[in-house]
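Chains as they are written, first to last, in this note's numbering: chain W, 1 to 176; chain E, 1 to 183.
Since the hints were made in silico from the structure, they are not lab data. None of these values were measured; they are calculated from a predicted model. There could be a bad hint or two in this list.
As the list claims (entries may be wrong) - Using 30 Å as the maximum straight-line C-alpha spacing, the simulated DSBU-like pairs for lysine-lysine come out as follows:
hint, chain 1, residue 1, chain 2, residue 2
1, W, Lys14, E, Lys179
2, W, Lys44, W, Lys88
3, E, Lys179, W, Lys35
4, E, Lys91, W, Lys143
5, W, Lys129, W, Lys97
6, W, Lys96, W, Lys170
7, W, Lys44, E, Lys65
8, W, Lys157, W, Lys97
9, W, Lys4, E, Lys91
10, W, Lys44, W, Lys119
11, W, Lys13, E, Lys179
12, E, Lys123, W, Lys24
13, W, Lys24, E, Lys65
14, W, Lys28, W, Lys10
15, W, Lys24, E, Lys29
16, W, Lys10, E, Lys155
17, W, Lys10, E, Lys22
18, E, Lys155, E, Lys91
19, E, Lys155, E, Lys65
20, W, Lys24, E, Lys179
21, W, Lys13, E, Lys155
22, W, Lys35, W, Lys24
23, W, Lys28, E, Lys65
24, E, Lys179, W, Lys44
25, E, Lys29, E, Lys123
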Amino acid sequence: MKDKLEGFVKDNKKQFEVNGPSDKLWAKIETELDKREKPKKSFKPYQWMSIAAMLVISVGVYFTYNYRQANNIDVADINPVFGQQEVKFVNQIEQKKDSLDFYAAANPDLHKRFTEDLKNLDEEYERLKAQLPQSPNQLFTVKAMVKNREMQLQVLKQQLMIINQVNQYKKEESSI
Amino acid sequence: METVYIDKHVELVNECRNGNRKAQFELYKLYANAMYNVALRIVNDDAEAEDVLQEAFLDAFSRIKDFRQETTFGLWLKQIVINRSINYLRKRKLELVSLDEVEVADEIETDFEETTLKVDAIKTAMNELPDGYRVVLTLYLFEGYDHEEIAHILKITENTSRSQYMRAKRKLNNLLETKGVAR
Chain W
1 MKDKLEGFVK DNKKQFEVNG PSDKLWAKIE TELDKREKPK KSFKPYQWMS
51 IAAMLVISVG VYFTYNYRQA NNIDVADINP VFGQQEVKFV NQIEQKKDSL
101 DFYAAANPDL HKRFTEDLKN LDEEYERLKA QLPQSPNQLF TVKAMVKNRE
151 MQLQVLKQQL MIINQVNQYK KEESSI
Chain E
1 METVYIDKHV ELVNECRNGN RKAQFELYKL YANAMYNVAL RIVNDDAEAE
51 DVLQEAFLDA FSRIKDFRQE TTFGLWLKQI VINRSINYLR KRKLELVSLD
101 EVEVADEIET DFEETTLKVD AIKTAMNELP DGYRVVLTLY LFEGYDHEEI
151 AHILKITENT SRSQYMRAKR KLNNLLETKG VAR
């Protein structure tokens, strides 16, 4: 079906071609290509940074938590029975302290000395507690801690007794 | 034309897959002119042809991963250019099938034996053809598609493509003759 027109077009195809697009066109295409690539490029470091930041934060949280856990062992963590004992002692200690505060109001000097005795014992307790995580024999340390609480309670009982006697004595004296 | 140098450009195409800007520019330089002419012949407007070209290259570069070497890059790109050009025509609400004028004697082949053919005259005449005629004519005459392919591209029947082409040729001949007389 070759006709004159088809043949002519075929033979002169080059001459039908006009000049190409303007020189600016590639620049336009390039700008568009940049636009399409940029979100990828600028997004990636940002993404990596946020991933890294999240990693740092979670690792940090994990280690601080672990560190705190490791340094914040309670008696109950080592031995639940001792733990219960300690809680019982602490409750009683609180009660006795309240009573002592009440009765000792009239004897500030005495109260001050009593508080100092208790303070020493309490410091000893805190020292033991701080040792506990690194202690080679944690059960032993825990025993000492519970023992310490028990001693605090004993001391308080004695102090209460003394203060009661003192108060009694004062009453008798004033009634005479 | 493309088939001759395509195989040499496999490397370039592969580099484009990795987003190599230099390779993209090389491919652009190789095909910009030819593709511009393809687009211009269809849309018949310089600015629109450039728009088509820009979109087509961007499209090609972003879809280059989909390009399997079953065809040449040039033919693949040309398909993109043609489809984009036709989309532009459709935006202009073009009736791709113009059913105006000549209703009779479609079967008679127009022969150009009596007509003096000149490149410039044909170009001018083609610019004056209705869009529907011009598209079929350019796809057939210049881009070398057969009516089956044109039917597929324009989503018309093969017969419509055939008759459109015949009418286009007749119209072109008329235009050339009147131009010739005018001279």
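Cross-check of the supplied hints:
1. A distance of roughly 23 Å separates the Cα atoms of Lys14 (chain W) and Lys179 (chain E); the hinted pair therefore holds under the 30 Å criterion.
2. Note on Lys44 (chain W) and Lys88 (chain W): the hinted pairing is violated, with a Cα-Cα distance of about 58 Å set against a maximum of 30 Å.
3. A hinted pair counts as satisfied when its Cα atoms are at most 30 Å apart, and Lys179 (chain E) with Lys35 (chain W) does not qualify at roughly 49 Å.
4. This hinted pair does not check out: Lys91 (chain E) and Lys143 (chain W) have alpha carbons roughly 90 Å apart, beyond 30 Å.
5. At most 30 Å may separate the alpha-carbon atoms for a hinted pair to count; Lys129 (chain W) and Lys97 (chain W) meet this at roughly 22 Å.
6. At most 30 Å may separate the alpha-carbon atoms for a hinted pair to count; Lys96 (chain W) and Lys170 (chain W) meet this at roughly 21 Å.
7. A distance of roughly 21 Å separates the Cα atoms of Lys44 (chain W) and Lys65 (chain E); the hinted pair therefore holds under the 30 Å criterion.
8. Proposed proximity of Lys157 (chain W) and Lys97 (chain W) is supported: the alpha carbons are some 9 Å apart, at most 30 Å.
9. Using a Cα cut-off of 30 Å, the hinted pair Lys4 (chain W) and Lys91 (chain E) is violated, with the two alpha carbons roughly 34 Å apart.
10. Simply put, Lys44 (chain W) and Lys119 (chain W) have alpha-carbon atoms about 59 Å apart, too far for the 30 Å limit, and the pair is violated.
11. With a C-alpha separation of about 21 Å, the suggested pair Lys13 (chain W) and Lys179 (chain E) falls inside the 30 Å cut-off, and the hint holds.
12. The suggested pairing of Lys123 (chain E) with Lys24 (chain W) holds, with an alpha-carbon distance near 25 Å, which does not exceed 30 Å.
13. Our distance criterion of 30 Å between C-alpha atoms is met by Lys24 (chain W) and Lys65 (chain E), whose separation comes to about 26 Å.
14. Taken as a hint, the Lys28 (chain W) and Lys10 (chain W) pair is broken in the structure, with Cα atoms around 33 Å apart against an allowance of 30 Å.
15. Taking the CA atoms of Lys24 (chain W) and Lys29 (chain E), the gap is near 13 Å; set against the 30 Å cutoff, the hint holds.
16. With a CA separation close to 26 Å, the supplied pair Lys10 (chain W) and Lys155 (chain E) stays within the 30 Å bound.
17. Pair hint Lys10 (chain W) plus Lys22 (chain E) does not hold up; C-alpha atoms about 33 Å apart against a cutoff of 30 Å.
18. Straight-line distance between C-alpha atoms of Lys155 (chain E) and Lys91 (chain E) comes to about 16 Å, which keeps the hinted pair within the 30 Å bound.
19. Proximity of Lys155 (chain E) to Lys65 (chain E) is assessed by CA-CA distance (about 27 Å); at most 30 Å being required, the pair is judged to hold.
20. The hinted pair formed by Lys24 (chain W) and Lys179 (chain E) fails the criterion: a straight-line CA distance of about 36 Å is larger than 30 Å.
21. Distance check on the hinted pair: Lys13 (chain W) and Lys155 (chain E) sit about 27 Å apart at the alpha-carbon level, within 30 Å; holds.
22. Of the supplied pair hints, the one linking Lys35 (chain W) and Lys24 (chain W) holds, its CA atoms being roughly 17 Å apart against a limit of 30 Å.
23. For the given pair, Lys28 (chain W) sits about 22 Å from Lys65 (chain E) by alpha-carbon distance, which is consistent with the 30 Å threshold.
24. A distance of roughly 62 Å separates the Cα atoms of Lys179 (chain E) and Lys44 (chain W); the hinted pair therefore is violated under the 30 Å criterion.
25. For the given pair, Lys29 (chain E) sits about 25 Å from Lys123 (chain E) by alpha-carbon distance, which is consistent with the 30 Å threshold.
Violated hints, listed in ascending order, are 2, 3, 4, 9, 10, 14, 17, 20 and 24; each of the other numbered hints is respected by the structure.
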